[in-house]
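So you can see what is in the structure, the chains are spelled out below.
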Amino acid sequence: MTAYIAHFLVMVAIYSILALSLNLLIGYSGIFSLAHAAIYGIGAYASALAALKLGLGFWGGMVVAASVGAFASALVAIPSLRVAGDYYIVASFGLQVVVLAIFMNWTDLTNGHAGLPGIPRPRVFGLVIEQPFQYVFLAAAFAVFTWAVCWRLTNSAFGRVLQAIRDDEIAALAMGKNVVLVKILVACLSSALGAMAGSLYAHYITYINPSSFSLHESIFIATLVILGGSERLAGPIVGAFVLLAIPELLKFLAIPDTVAAPMRQIIYGGLLIVFMLVRPEGILGRARHGR
Amino acid sequence: MAAETAVLQLQGVSRSFGGIQAVDSCTFDVPPGVITGLIGPNGAGKTTVFNLITGFLSASHGSIRLQGAEILGLPPHRVERLGVVRTFQHLRLWNKMSVLENVLLGCATPAGENVFSLFMRAGAVRAEERRARERAMEVLQFFGLADRAPELAEDLAYPEQKLLSMARIFATDAPVLLLDEPTSGLDSESLGRIVPLVRRLVEHGKTVLLIEHNMELISELSDQVVFLHQGRVLAAGPPAEITRDPALTEIYFGV
Amino acid sequence: MDLFLQLAATGLVVGSLYILCALGWGLIYGTTLHFHVAHGAVFTLAAYYAYAAQKLLGLPLAVAVAGAIVAAAFSGMLIDLLIYQPLERRGAIRTTLFIASLGLLTLIENVLAIIFKPDPLRMDVGWLGDSVQLGPVFLIRLHLVSVATAVVGFFALMAFLKYSRWGQAIRAVSSSPEMARTVGIDLRRVHLLTYAVGSAISAPAGILLAMDVGVEPYRGTTFVLLASVAVIMGGIGSIPGAALGALFLALLENIGVWKIPSEWQSTISFGAFLIFIVVRPRGLFGRKIHSAEI
Numbered sequence: 001m002t003a004y005i006a007h008f009l010v011m012v013a014i015y016s017i018l019a020l021s022l023n024l025l026i027g028y029s030g031i032f033s034l035a036h037a038a039i040y041g042i043g044a045y046a047s048a049l050a051a052l053k054l055g056l057g058f059w060g061g062m063v064v065a066a067s068v069g070a071f072a073s074a075l076v077a078i079p080s081l082r083v084a085g086d087y088y089i090v091a092s093f094g095l096q097v098v099v100l101a102i103f104m105n106w107t108d109l110t111n112g113h114a115g116l117p118g119i120p121r122p123r124v125f126g127l128v129i130e131q132p133f134q135y136v137f138l139a140a141a142f143a144v145f146t147w148a149v150c151w152r153l154t155n156s157a158f159g160r161v162l163q164a165i166r167d168d169e170i171a172a173l174a175m176g177k178n179v180v181l182v183k184i185l186v187a188c189l190s191s192a193l194g195a196m197a198g199s200l201y202a203h204y205i206t207y208i209n210p211s212s213f214s215l216h217e218s219i220f221i222a223t224l225v226i227l228g229g230s231e232r233l234a235g236p237i238v239g240a241f242v243l244l245a246i247p248e249l250l251k252f253l254a255i256p257d258t259v260a261a262p263m264r265q266i267i268y269g270g271l272l273i274v275f276m277l278v279r280p281e282g283i284l285g286r287a288r289h290g291r
Numbered sequence: 001m002a003a004e005t006a007v008l009q010l011q012g013v014s015r016s017f018g019g020i021q022a023v024d025s026c027t028f029d030v031p032p033g034v035i036t037g038l039i040g041p042n043g044a045g046k047t048t049v050f051n052l053i054t055g056f057l058s059a060s061h062g063s064i065r066l067q068g069a070e071i072l073g074l075p076p077h078r079v080e081r082l083g084v085v086r087t088f089q090h091l092r093l094w095n096k097m098s099v100l101e102n103v104l105l106g107c108a109t110p111a112g113e114n115v116f117s118l119f120m121r122a123g124a125v126r127a128e129e130r131r132a133r134e135r136a137m138e139v140l141q142f143f144g145l146a147d148r149a150p151e152l153a154e155d156l157a158y159p160e161q162k163l164l165s166m167a168r169i170f171a172t173d174a175p176v177l178l179l180d181e182p183t184s185g186l187d188s189e190s191l192g193r194i195v196p197l198v199r200r201l202v203e204h205g206k207t208v209l210l211i212e213h214n215m216e217l218i219s220e221l222s223d224q225v226v227f228l229h230q231g232r233v234l235a236a237g238p239p240a241e242i243t244r245d246p247a248l249t250e251i252y253f254g255v
Numbered sequence: 001m002d003l004f005l006q007l008a009a010t011g012l013v014v015g016s017l018y019i020l021c022a023l024g025w026g027l028i029y030g031t032t033l034h035f036h037v038a039h040g041a042v043f044t045l046a047a048y049y050a051y052a053a054q055k056l057l058g059l060p061l062a063v064a065v066a067g068a069i070v071a072a073a074f075s076g077m078l079i080d081l082l083i084y085q086p087l088e089r090r091g092a093i094r095t096t097l098f099i100a101s102l103g104l105l106t107l108i109e110n111v112l113a114i115i116f117k118p119d120p121l122r123m124d125v126g127w128l129g130d131s132v133q134l135g136p137v138f139l140i141r142l143h144l145v146s147v148a149t150a151v152v153g154f155f156a157l158m159a160f161l162k163y164s165r166w167g168q169a170i171r172a173v174s175s176s177p178e179m180a181r182t183v184g185i186d187l188r189r190v191h192l193l194t195y196a197v198g199s200a201i202s203a204p205a206g207i208l209l210a211m212d213v214g215v216e217p218y219r220g221t222t223f224v225l226l227a228s229v230a231v232i233m234g235g236i237g238s239i240p241g242a243a244l245g246a247l248f249l250a251l252l253e254n255i256g257v258w259k260i261p262s263e264w265q266s267t268i269s270f271g272a273f274l275i276f277i278v279v280r281p282r283g284l285f286g287r288k289i290h291s292a293e294i
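Residue numbers (our numbering), protein chains in the order written: chain A, 1 to 291; chain B, 1 to 255; chain C, 1 to 294.
None of these hints come from the bench; they were simulated from the model. Check the hints yourself; a few may be wrong.
Unchecked claim - Beta-carbon label-pair distances, calculated as ranges:
id, chain 1, residue 1, chain 2, residue 2, range
1, B, Arg193, A, Ala234, 41 to 47 Å
2, C, Trp258, A, Pro117, 33 to 39 Å
3, A, Ala234, B, Met120, 45 to 51 Å
Unchecked claim - Output of the computed footprint for chain B on chain A, the stretches with three or more beta carbons under 8 Å from beta carbons of chain B:
id, stretch
4, 28 to 37
5, 150 to 162
6, 175 to 181
Cβ coordinates follow ideal geometry from the N, Cα and C atoms, glycine included.
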């Protein structure tokens, strides 16, 4: 039972990182990305490969993951954010599709559908993290780190510029803000953090395959952000708790697997619609940024 | 007016929108330290001229020089950094942000806006933010908005929003301010508050180019007037001369 | 060379489905500026409507198809009426609309997955399944129907927009909603009409897919996003642009198979998209969209 709860908490921490990082884009910059699962996957595969093929340790893999994630994001952000918000939706979807195709089809590198087994457990300051409860602390530490980074980014002059761009891009331009550069930067930062969640996941589960990083997963992460309320830092964390609890609760109902998976998606999709119609500010509501 | 003393020089600037010549080889100078009024009937191309100067539109021909350096074709944020900043007719305040934050966005906070120094030079960022807040409060004081600092911009009354739109560009320290209809939509009481403020901008060493609709206010507000009609400069000179010219008044009032 | 021709012909057939999908999505996007991803659900629904009408109700093929097109048009209108219009009345921003649309797409796809199971379902097409040979190229009759449908659909839509009063209203709103409002056009009714027309023109694509290789619940997502790529490449607001963009994508994907393994098809399309928006952000014929107009 403790192992079960520990596992649940580790996953909440990992999804909190994903949601917090995606919220930098959706909530604070008003840019919608459909590629966060791909970025998550890039982090997982990059650090898994770094460990398996290059023999890099946990921290080295983390750095590789964050860099590759940021780079992949820059690749689509630079052409598409130059133009307008809607282009990024399409470009990020493209990234999602292409990255998943690479996971599935570049078999020499990624081992295709079979995935990559045998990813080593992380060694942190000489200690091998093996027990789920130990992993809770590691994952939580990373979640706190991500939260701190996001807090600093959003509660500063930089955060002010982000909000200004989101609320009125033209005014921000007129006041000398390099709107395009800031947007691209945020996309890269968001991806670097999201990729770190992937690295954490790979070392925790020790086996990864493409199915964890599908478009559905991207939509799921976006749902976490929106459900929790995208304008508060704590929002995505609350969203992660609530939405990860739903499938656990569904397990208690005797629903066959073939129905349970789409059923979850129906709940997520339904929540998105209902929240947009009834409560667009999410569970936690709108934070006043003025002070 | 000698060309070399002008802060801003427009030379043969043209721009058309699908066959309609919005600005047609427009040429005029904006001398330093005074208020230049840009007037003309509706659709004369006044706001288009603003958009061209500030880089929101690109011109098909011509040149726009700031202190002798070409700025035509630069993106808006570069133009602002070189020292030309504007207001908008529809204000474009950040409505969901506080009055103070609106002005803070005009204050220079390079360290706090740079992701690297934000994390690596926390001390410098803190000091800079403190200075920026002091500066923003001074600016708000100057515009008589200090007591409204914590409120959301959208909660201000319209005349105060207008003041805020000027406060936020004043905070940038740019020497050239472009005001798009600073007096439109105001009652006489608010006018009495804004007109002297605009004059005081010049006392602070600013060069002002403003768009004005009200012929009566133009003599009060400006030292030099440029009269625009169908995208062309019809006349330029002291306000008294322009407002007394019957031909121009006829065009203006469309008689 | 024969292989090339065969691939080009396949590209043309797939392209007709892309064209129909892009015409509908592009018309809706150009007119309402809604990033209507739920269009993918309408596309899939049309296919399942037709399948259900034929297989479960036992209706003849032509009746099933016609009924499915009408039902799809109503589905599109209902989405606008029940979701987008309430959101717009409350002054929701465009991202909010997009999120609701994405939620709806997810919802409908998964409801279909539960009702019809995730495996592909094929309709019976009778003699349309017979093969035909055109020179070195092998196709089935249905493929010729696909191409014909796309051609007819394209010209019918162009004529509708140009000559009918309703079509002119759509064009007016598409070029300037503000202007259209001032001349007394009811934006909400025009939007509703656009959803009906846009859904009806894309419905045959879904149905043809169900008749050819079969329909799966999650096919709509890929189709609608490829349609959005096509529309952006063709130029937003341009109907011929959308058709050309879609055709280009289909040919690129299929002729690409000549040299590149087929699992990389989608990579080719999106690679082309990224290159395209660098080189020509406003598309072949269109206007650029601004996230905010001055």
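Of the hints given before, which are not true for this structure? Of the numbered hints, 3, 4 do not hold.
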